[in-house]
Every structure is written in C-alpha cells, then in structure tokens.
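Colleague: Please build the complete structure, drawing on both the sequences and the hints.
Those letters in the sequence shown? Residues 1 to 341, by UniProt numbering.
Do not take every clue at face value.
Unchecked claim - Here are the simulated distance ranges between beta carbons:
hint, residue 1, residue 2, range
1, Arg131, Phe281, 40 to 46 Å
2, Ser56, Arg170, 43 to 49 Å
3, Val314, Ser59, 49 to 55 Å
4, Arg26, Arg131, 37 to 43 Å
5, Ala320, Thr72, 28 to 34 Å
6, Arg131, Thr244, 35 to 41 Å
7, Gly323, Trp272, 24 to 30 Å
8, Phe268, Arg26, 41 to 47 Å
9, Gly323, Pro173, 38 to 44 Å
10, Thr72, Gly142, 38 to 44 Å
Said to hold, decoys possible - EDC-like, lysine to aspartate or glutamate: derived pairs with alpha carbons at most 16 Å apart:
hint, residue 1, residue 2
11, Lys163, Glu63
12, Lys163, Glu246
13, Lys163, Glu151
14, Lys163, Asp295
15, Lys163, Glu77
In short, the hints are calculated from the structure, not lab data. Note that CB positions come from ideal geometry on N, CA and C, so glycine has one too.
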Amino acid sequence: MAAERAEILRKCAQPSAEPPKASSGRDPAASFIVCTRNRAEALEACIRSIEATCRSHASMTSELVVVDNGSTDDTAERLARIATTSGMTITPVLEHRRGLAAARNAGMERSRGRILIFIDDDCEVGLHYLRDLERHYLSDEGCIIRGGRVELGNALDLPFTIKRSLQRARFTPDIHPGGFILGCNMTMHREVALRVGYFDERFGAGSFLQSAEDTDYIVRAFQLGIPIEYVPDMSVLHYHGRNTREAIERLHRNYSLGNGGLCLKHLFKAPWLLRHFYWTFRSACRESWGGDRFDPEVSLSHWPIVSMNLLGAVEFAGLAVTGRHRQPELDKIKQATRSLG
1 MAAERAEILR
11 KCAQPSAEPP
21 KASSGRDPAA
31 SFIVCTRNRA
41 EALEACIRSI
51 EATCRSHASM
61 TSELVVVDNG
71 STDDTAERLA
81 RIATTSGMTI
91 TPVLEHRRGL
101 AAARNAGMER
111 SRGRILIFID
121 DDCEVGLHYL
131 RDLERHYLSD
141 EGCIIRGGRV
151 ELGNALDLPF
161 TIKRSLQRAR
171 FTPDIHPGGF
181 ILGCNMTMHR
191 EVALRVGYFD
201 ERFGAGSFLQ
211 SAEDTDYIVR
221 AFQLGIPIEY
231 VPDMSVLHYH
241 GRNTREAIER
251 LHRNYSLGNG
261 GLCLKHLFKA
271 PWLLRHFYWT
281 FRSACRESWG
291 GDRFDPEVSL
301 SHWPIVSMNL
311 LGAVEFAGLA
321 VTGRHRQPEL
331 DKIKQATRSL
341 G
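Modeller: Okay, here's the thing in structure tokens:
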C-alpha cells in the first residue's frame, strides 16, 4: 500500500515551480485553488461542487488546482481517481512545506487563470458561483480582491467563520480587515497576485502564527491602493465541523494570535490597526463591568483577543529576529521540494 501511494503521488502531484506569470489568451478565465490536508471526504464534496458550477456556466473556462499539503489519509488516491474521470482540468500539486500560506503560494504558482479563486477544502461553492463571479469581474476597471458570502453548511455547527451580510461593501481602515472577506472564499485578478506577491508563510494554519495569512494579504493589497470588496452573492457553504464552544474558542484564540502578529508587522505602514487593538482593549474593560461580550451568541470574550494579540506580537517579533538566521535552511528546503518528481 505504501509503495502504491508513493507511485500515485509521484505521477499525479506536481511540485510548485515558479512565481505566477501574466496569463495569455489561451489560459482559462478562472483558476479554482483548493488547499487540503487530511480531509479527503470533504475535499471530494468540494471538488464536485466546483465541477457543478463549471458545468452550469461552461462559457467561462476554468481549471482546478488542488494542493495536497502533506496528507496522510487517502487524499492522493481519491484525487487521482477524480482527476482521471473529471470533465474539467484538475492539476494536483504536492507541497511538503507545511502551512496554508505555503500551500496557497504553491497553488498560485501552478495556476493559469486570469482570475484566482481560493476555496477551502471544507467548503462547497454554490451552483451559480461562476455566473455571479463573471458578472462582477466584467464590470471592473482595474485590479481588485473580492470575497463572497459564506453560510453554514451544517446547521449543527456554531455560527463562526461565516459571513452572512447582504450588503455590498468596500474595505476601509475603519473596519478591522480580519473577517471583512474570508480566505475560504476569496478571489482576485492575477495582476493582484503579481503586485502583492506571495502569502507570508509566517501566518496561516499550520504556521507559527496559526492564522491571518489572508488578512495580511488584504492589508498589503490595500497599502498598494488595490480595492477590497465584499459581495453578498458568490456564495459558499462552510462545513467547518465545530459544534462546541471549546472548539470555537480555540479557533478564536488562533485568529487573535495571528492578528497580533499582523499588527506588529504593519505597525508603521498601517498604524490604523492599532486603533482596533485599542477599541478591543476598551471593550474588554467595559465587559468586565457588565458590557457586551465580543460574540454573545457563542459567548466569546474580548479578553482572550487582547492577551493573544499581545502574544502574537511577541511571537512575530521573535520570528522577525530569528528568521534571517533560518532563511538559508528554508531556501534549501524550498529548493528540494521543487526538485521532486
């Protein structure tokens, strides 16, 4: 079984090779990028939903890039079977460097579409997703990052990591960038990826800072004058599987850890992030005297946000100091990964 799995990986998984390039007229209009790790069953449902929206709107040529970030379940076997029988172009990519940001970068490198669509492996896209996406992007005059609605896929899961607003909106510094659009349903022009660059691999699930790779990308894009927009369609269902307060609280702490690192990273170029930390600290103090909690529905407090923000800032400072000494080793690992196959 081990030998068979190794052969499947060798034949199907393509290592990341080079930075994203400008698309040509022969390239697909859109590239779905799905990063996965040990979620074979959920991944299969995700892919089927993408195939369905592509069939429903076949006039918009699309491809699917699936990045396996070191799965140890039967992801490789299922993906090989799906890729063989699917009616759309599916490119499997194997990325050994652990972390969602590294996987997203590998997906961008292998994609060819003029529009990049990041969908999480525990999400299913709506049947009319591509129709909605094309309508929005046809009206654009320049580069943009755009996110759509995220609804609960399972009513038993707690209402977290979702975005249900029915109002179209543009990002401004008065809004905290975390959650304005969600990384599980985030799209952009290829030119945005060329201008903003790679996701910061210190952030994101599986990294030191556990989260905020998508938020960091939004902040960097905004600094370049690239608009960030939320639209109430382009919807996905999120089957996040968290149905206990303890699970939500762990995730909430991880988000706050990443946002703390984010605040320190952009301290001088985006000092407005400090305002949000101040407002959170003020709300935490008011909460201690009977004020509103951060999320009364799930019973989350402001105080863990404050403490994890501070811890995240300390963690980022440590990474910034030691990262220079680790960079040659990381470059060797990256080069070895790209040489596989």
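Colleague: Next step is simple, just say for each hint if it's right about the structure.
Modeller: Status of the hints after comparison with the structure:
In this structure the hint that arginine 131 and phenylalanine 281 lie 40 to 46 Å apart at CB holds, the actual value being about 44 Å. Between serine 56 and arginine 170 the Cβ separation comes to about 28 Å, which falls outside the hinted range of 43 to 49 Å. Restraint check, valine 314 to serine 59: a C-beta distance of roughly 51 Å satisfies the suggested window 49 to 55 Å. In this structure the supplied range 37 to 43 Å is violated for arginine 26 paired with arginine 131, their Cβ-Cβ distance being about 23 Å.
The beta-carbon spacing between alanine 320 and threonine 72, approximately 32 Å, falls within the hinted interval of 28 to 34 Å. Taking the beta carbon of each, arginine 131 and threonine 244 are about 37 Å apart, inside 35 to 41 Å as hinted. Between glycine 323 and tryptophan 272 the C-beta distance comes to about 25 Å, which sits within the given range of 24 to 30 Å. Look at phenylalanine 268 against arginine 26: about 43 Å separates their beta carbons, and that is inside 41 to 47 Å.
Taking 38 to 44 Å as the suggested C-beta distance range, the pair glycine 323 and proline 173 does not conform, at roughly 27 Å. Roughly 43 Å separates the CB atoms of threonine 72 and glycine 142, a value that falls within the hinted 38 to 44 Å. For the hint linking lysine 163 to glutamate 63, the alpha-carbon distance of about 26 Å lies beyond 16 Å, and the restraint is violated. Our distance criterion of 16 Å between C-alpha atoms is broken by lysine 163 and glutamate 246, whose separation comes to about 21 Å.
Among the hinted pairs, lysine 163 with glutamate 151 is consistent with the structure: their alpha-carbon atoms are about 6 Å apart, no more than 16 Å. Taken as a hint, the lysine 163 and aspartate 295 pair is honoured in the structure, with Cα atoms around 14 Å apart against an allowance of 16 Å. A distance of roughly 33 Å separates the Cα atoms of lysine 163 and glutamate 77; the hinted pair therefore is violated under the 16 Å criterion.
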